[in-house]
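For chain R, the structure is supplied; the task is to place chain A on it using the hints.
Those sequence lines, one after another, are chains R and A.
Mapping the first sequence onto the working numbering, position 103 (from 1) lands on 103, and the numbers just tick up by one.
Mapping the second sequence onto the working numbering, position 233 (from 1) lands on 480, and the numbers just tick up by one.
I should point out that these hints are in silico values taken from the structure, not numbers from a laboratory.
Careful: at least some of the hints might be erroneous.
As the list claims (entries may be wrong) - Distance condition first, Cα-Cα at most 27 Å in a straight line; then the derived DSS-like pairs of lysine-lysine:
#, chain 1, residue 1, chain 2, residue 2
1, R, 166, A, 454
2, R, 188, A, 350
3, R, 207, R, 188
4, R, 135, R, 166
5, R, 207, R, 166
6, R, 135, R, 75
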Amino acid sequence: MTPASAPLLRIAGLSAYYGELRAIYDIALEIGEGDILAVIGANGAGKSTLLKSVVGLMNRGQAAHIRGRIEFGGKRLDVLTTEQIVDAGVTLVPEGRRLFPRMTVEDNLRAGAFLPRLRAGADRRLAEVFELFPKLRDRRTQVVAQMSGGEQQMVAIGRALMSSPKLILFDELSLGLAPAVVDDIYRKVADIHARGVTCVIIEQDMKRALEVANHVCVMLEGALVLEGRPGELSEDAITAAYFGSER
Amino acid sequence: MNEELYWMFIDVANGLLSGSMLGGYYAVIAIGLALNFGVMRLVNLAHGDWLILAAYLAVAFLSMANVSPFWTLALVIPVMYVIGYLIQRLLLNRVSVQAAERKGMSPSFGLMSPLLVTFGMSIVIGQGLLAIFDSNAAAIRNDLSFAAIRLGEDLSISTLRLIFFGIALVMLAVVQTFLNTTHMGRAIRAASDDPEIAALMGMSSNKVYAVASGISLATAGVAGVMIGMSRSFQPFDGPTFLLIAFGVVILGGLGSMVGALVGGVILGIVQVLAGTYFGPSAQLVSGYILILLVLALRPQGLFSR
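Pulled out of the complex, with its shape left as it was, chain A reads as follows:
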């Protein structure tokens, strides 16, 4: 085979493989945001900060118990669920569109106020993390960081990314199955379509939203542990991941977990290929250019009908 052609093939194959693996990780980062918006029409500007908080939670847990980093999920997932449930119950339900209407304010105020509240929350979380930990970079130590599985002489994938991809598939399937087949899942879909009629079914939107928000932060917990295991992080890194999550949601749409995976994989592949051909700095930029293009040409998302 022509050598030039061979290397081109390797580059593309590597881009598709690593990009897809990266996409699973991106999907996990994004589904909490997609759930929040899809169910409660809430744009959660603090989403990235919750991810970082979960990563710090795992660090704190590991400093107390000497176990495999994956065990931190057993603590992080329930703790994040409870935080999500309470934040929605005690705070966000009071600033929703329905809450604004009850107080005689215009619905547009109801759309605006959660933005302000979650923006404020983002600042509080960042500063809180800075106060408790410090501004030095933290990381979740693990022995998989540099491990790779060789698929050929010049082709390999990161073991950690492969594991993350597997976790992503399992998690997306679990969340989708929950939404499709359980009473609460059905209630979440109902309340997102029509809260008034959901009430006629005996569903309390406030409770249903709290559960959805709990699930959203539980998935953010998984994402936070993944972030901590794959790179170092600091208290104010949240917005970087918020942007990734927005990108995935814009590409894949809010419809389904499959959409999040597809959005994540597209973003991942484009970033890895751009990095291969135009250098590491092109990785981030290419992602944003792709998002801008989609917003300009297909603002309804790539897959919405």
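If we strip away everything but chain R, and leave its shape as in the complex, we get:
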């Protein structure tokens, strides 16, 4: 599937390895500017590895590496370090949130604006994050380890926004959160998307993924097995691809 405009992110022939073990196979994928792409698939299908590859977290010498080409706005990402990729405008909200547990809400958020080009506008972006998540403004001096999972997810998303990304990758956005909280988080993602940020979401809940996304891909055992617009793909086809059964 080709997006209407030139793709924002183009992945070609991407394989990723942990040591000798190949975790994803020959992935080709294009994401248009302003898309919300949902990546679905069973545990171990390689969804997280795909996102980690994009932000350079698979470039770890002998421990993990990638082959293939990743371009973002025409710029090669696969040869850059994670720091440089974030500077280019791509960031990841990691699975399990991975906040800095002993820091306050505000310190976690400000950590997201470390890059020199971001420091001047950090106060303004902090205000924007507080506007999006008013709860965090009241809790700005609280240490994040004491917060609920939903609140921590807000901090993790806010922290990613502090780097003013053009593309945000959300790994397991709703995992372990109460349904009401998940509704709230998805409303925020819609807000973020409305501000012109392209989003990639890994989501276990297939129904929810299909509701929010305008572009879906299904991964199975490290390969990309199905891709399309939600309206064009039947639920049966997606389910079949998810479980790897014959259609």
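Chain A in isolation, oriented as in the chain R frame:
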């Protein structure tokens, strides 16, 4: 007042006062080690030798310029910062846990190799100092060595120790404020918690570690000048101070600068009181016994939750 009771009071008051003053000095000796371990999980076995190197640096500076010993800090602090930054950048970052992983080696090798490297560094520094200076005891001459402030007829504190205590408070406050409020301070805390996520914040762990290591050696520079002003020293005196630093860190924990001060003060008070009641040789032994007791009964440290 009963005379016996009076002298007991004087002994205890003296122990608490001098011990606390000594504790500030111990805290300064230890915070470099605490920073190294807290941020980079690096046990720097050469820490004591860096202290002695800084003391010699001050001696060399004073042999060229006839100024107050405190002015040597203006040279020693930046020089030690640069050494720390470069050592981390060029050497220690290459033998870290992450570096071992990149080369396909097990993380346990990554924990072991910095120990070997810093142990080797300790030998190189000691021998290097011996080659440049000599094995005769050196000292930083100053006119405060025997000065004291009288607080009562039988109670006084060393002027030098009081000044050191003041410097310690200022230094601990500066380092803590830096860690809490600056971009780089936040990056140091982030990279110590989770280097992978720190990279996602645009922080390069290798650069951040180099700055932390620079700060660590800069504090060691202050400690080295203090050591040189309060006693004579020789090229191979490093390990003695490494042990003091370990003691402070074990007692106070790695959490904060306040922890280092508290650890230092406890160690100082115990040593001075033991010296008062059991003679000078009990000073060192009492410190080690205290550390052993803490390790046996509360291995997580006195103040960790």
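List, from low to high, the hint numbers that the structure doesn't satisfy. 2 and 6
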